[in-house]
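**Q** Below are the chains, spelled out letter by letter.
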Amino acid sequence: MMATTGRGPLLEVVDLKTYYRTRRGVARAVDGVSFTLAQGQHLGLIGESGSGKTTTGRAIIRVLPRNAEIVGGQILFKGRDLARLPERDMRDLRWREIAMVPQASMGSLDPVYRLGDQMLEVLVNRGGYERSAARDRSKELFGLVGLDAARLDNYPHEFSGGMRQRAVIAMALALDPALIIADEPVTALDVIVQAQVLETLRKLQERLSVSVIMITHDISVVAQTCDSVAVMYAGKIVEQGSVRHIFSAPYHPYTLGLENAYPNLAKPKDTLISIEGFPPDLVDPPEGCRFAARCPFAMEVCLREEPPLVEVASGHFVACHQTDKVDYLRIKSREAETWQRVAPV
Amino acid sequence: MAARGASLNSADIVLSVRDLKKHFQPRRGFMAALRGGEAPVIKAVDGVSFELKRGQSLGIAGESGSGKTTTARMLLKLVEPTGGEVVFDGDSLRDLDGPDLKAFRRKAQLMFQNPYEALNPRFTIFRSVVEPLLIHAIGSPQERRQRVVDALRQVHLEPVEHYLDKHPHHLSGGQLQRVVLARALILNPIFLVADEPVSMLDVSIRAGILNTIKEMSQRLKLTTLYISHDLSLIQYMCDMTAVMYQGRIVELGPTAQVISDPQHEYTRALIAAVPMLEPR
Chain A
1 MMATTGRGPL LEVVDLKTYY RTRRGVARAV DGVSFTLAQG QHLGLIGESG SGKTTTGRAI
61 IRVLPRNAEI VGGQILFKGR DLARLPERDM RDLRWREIAM VPQASMGSLD PVYRLGDQML
121 EVLVNRGGYE RSAARDRSKE LFGLVGLDAA RLDNYPHEFS GGMRQRAVIA MALALDPALI
181 IADEPVTALD VIVQAQVLET LRKLQERLSV SVIMITHDIS VVAQTCDSVA VMYAGKIVEQ
241 GSVRHIFSAP YHPYTLGLEN AYPNLAKPKD TLISIEGFPP DLVDPPEGCR FAARCPFAME
301 VCLREEPPLV EVASGHFVAC HQTDKVDYLR IKSREAETWQ RVAPV
Chain B
346 MAARGASLNS ADIVLSVRDL KKHFQPRRGF MAALRGGEAP VIKAVDGVSF ELKRGQSLGI
406 AGESGSGKTT TARMLLKLVE PTGGEVVFDG DSLRDLDGPD LKAFRRKAQL MFQNPYEALN
466 PRFTIFRSVV EPLLIHAIGS PQERRQRVVD ALRQVHLEPV EHYLDKHPHH LSGGQLQRVV
526 LARALILNPI FLVADEPVSM LDVSIRAGIL NTIKEMSQRL KLTTLYISHD LSLIQYMCDM
586 TAVMYQGRIV ELGPTAQVIS DPQHEYTRAL IAAVPMLEPR
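Residue numbers (the numbering used here), protein chains in the order written: chain A, 1 to 345; chain B, 346 to 625.
Bound conformation, chain A alone (with noise of 0.2 Å):
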């Protein structure tokens, strides 16, 4: 593991705002995100499309598209601001300290090229490693997530979709990074290749004191591979807290409708409801929450003024006017008539 010394944490977001310029205005897709990542730990970052949680893993590794731009606050990472980093040196850091596991798909890796080939191209190139090393530690790769080392000298079309993505796993290990960014890793896996990958990633998490920051709109990934969660919703951070927190005692309306809204084979419900009406416009978005037009509680502070995110217990984190009538709450928004009250989608 690379030094990464004291209790500190590893990555300070801190009012991060990342905005895209369109033919309509300005989308602010991410409009004040701060949270903090401490070393080992690994953080589910999710939310429905258009919420900002991709835009937010790129604004931190800085692979944003060329439309989009840090517009605000900062991305500390081991004391320094990526937000303002030159390019040539965030160049640098890309691999060695931060990597990204994009969504599983063939795009990720060049396919007329060996996977040992590729992952030497990033041992050699990248890392200085000298060629005789960097066999070896590919090897090692491979086997940390559970692949066979022959099948190194293997072409990316003769793997399937779950060794592909275990092989893209390998490699942001590569250079040791000290925080993986994963991108919808595991969505476009069939079932049971993705409880594989998952349980990859789990062990990788007992053996390396890598931090992670999973993006997904699958809460039940979240579930299963991190140890804290921020709900993102229309640019903003709704939630924050650990699994265990936010699984077992949610605030925010948005959490709690999103439980209501998942099937759960476990504990089969009788009807899911969902969360009727669709996010706001980011180009223009409202004043006060941005969850108060899907919101069935919404009272006349809500559309005025912005809640605060406001710590309601130790970690956990809510923007939400309402928090003090939590069990209110919690009790009606399992009822399907309380969100009967808006537009359906």
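Calculated from the structure, these hints are not laboratory results.
Take these hints with a grain of salt, some might be off.
[Said to hold, decoys possible] Derived DMTMM-like pairs (lysine to aspartate or glutamate); straight-line CA-CA distance at most 20 Å: (1) A:Lys-267 to B:Asp-584; (2) A:Lys-269 to B:Glu-596; (3) B:Lys-559 to A:Asp-270; (4) B:Lys-559 to A:Glu-335.
[Unchecked claim] Each pair of labels, with its calculated beta carbon distance range: (5) A:Leu-64 to B:Asn-459: 38 to 44 Å; (6) A:Glu-140 to B:Arg-380: 33 to 39 Å; (7) B:Gln-370 to A:Ile-192: 24 to 30 Å.
A virtual CB, placed ideally from N, CA and C, is assigned to each residue, including glycine.
Chain B: place on chain A using the hints.
**A** Relative to the frame of chain A, chain B by itself:
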């Protein structure tokens, strides 16, 4: 032919599938051609049998490549089987042509996975939903308009006037999937196939779409077939569950039983692999 249409009662078999097979003969690649010999046949579907009564819902679970989508395509006569037979509402699909085929196309409908691709981006919502009526030359313009309005209302796109003249890019994924459902139901089908109907949608709105499909199937006594890799969705939607593996149904039974007491090893693996909501 057996009695059909209005004379059916609830116990009638809508769909009977016997030993259905689809084998693909892959083209040999250059190297394989040099080496000689036949490329092995791919048995995408290899002997599938089941029956569905009117109003029943069956979920087919399995990983990609298990043959579930190919099976569904054969049931809709979009792919011709290599062997076996599908009897739909009393008629063998093999013999259908002309007006009988057209009638079949009215009675059996498919709901696509990706609502963003299922609708013509240049058509208004009205035009998309009225299209099947035009194709089958049903009704006067006024009657057609009324049916479109009714169909959109049934899938809870209200006020309907708000949607009729909109184009797909004005609507959310969930709204589009409701339009897709309205279009699938406008010909009063008796059989609906839904291939991963919510996998492209955000979790927060999936339930609403599933509930609407459920509500409409019950109201119209539709026989439904769901294809999904997601057992929790099948558990929510289906009376019966079939688990497919390598082209065969390895387990078939009432959903609650299949999930609580799986008999086949693959079913057990599939259930164990579903991520649970509880933190570990």
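**Q** Each hint needs a verdict: does it hold in this structure or not?
**A** Hint-by-hint comparison with the structure:
1. A:Lys-267 to B:Asp-584: Cα-Cα ~17 Å, so holds.
2. A:Lys-269 to B:Glu-596: Not satisfied, since the Cα-Cα distance of roughly 24 Å exceeds 20 Å.
3. B:Lys-559 to A:Asp-270: Holds, at about 12 Å.
4. B:Lys-559 to A:Glu-335: holds, 19 Å
5. A:Leu-64 to B:Asn-459: 38 to 44 Å: violated, 26 Å
6. A:Glu-140 to B:Arg-380: 33 to 39 Å: holds, 36 Å
7. B:Gln-370 to A:Ile-192: 24 to 30 Å: Cβ of Gln-370 (chain B) to Cβ of Ile-192 (chain A): about 28 Å, so the range 24 to 30 Å holds.
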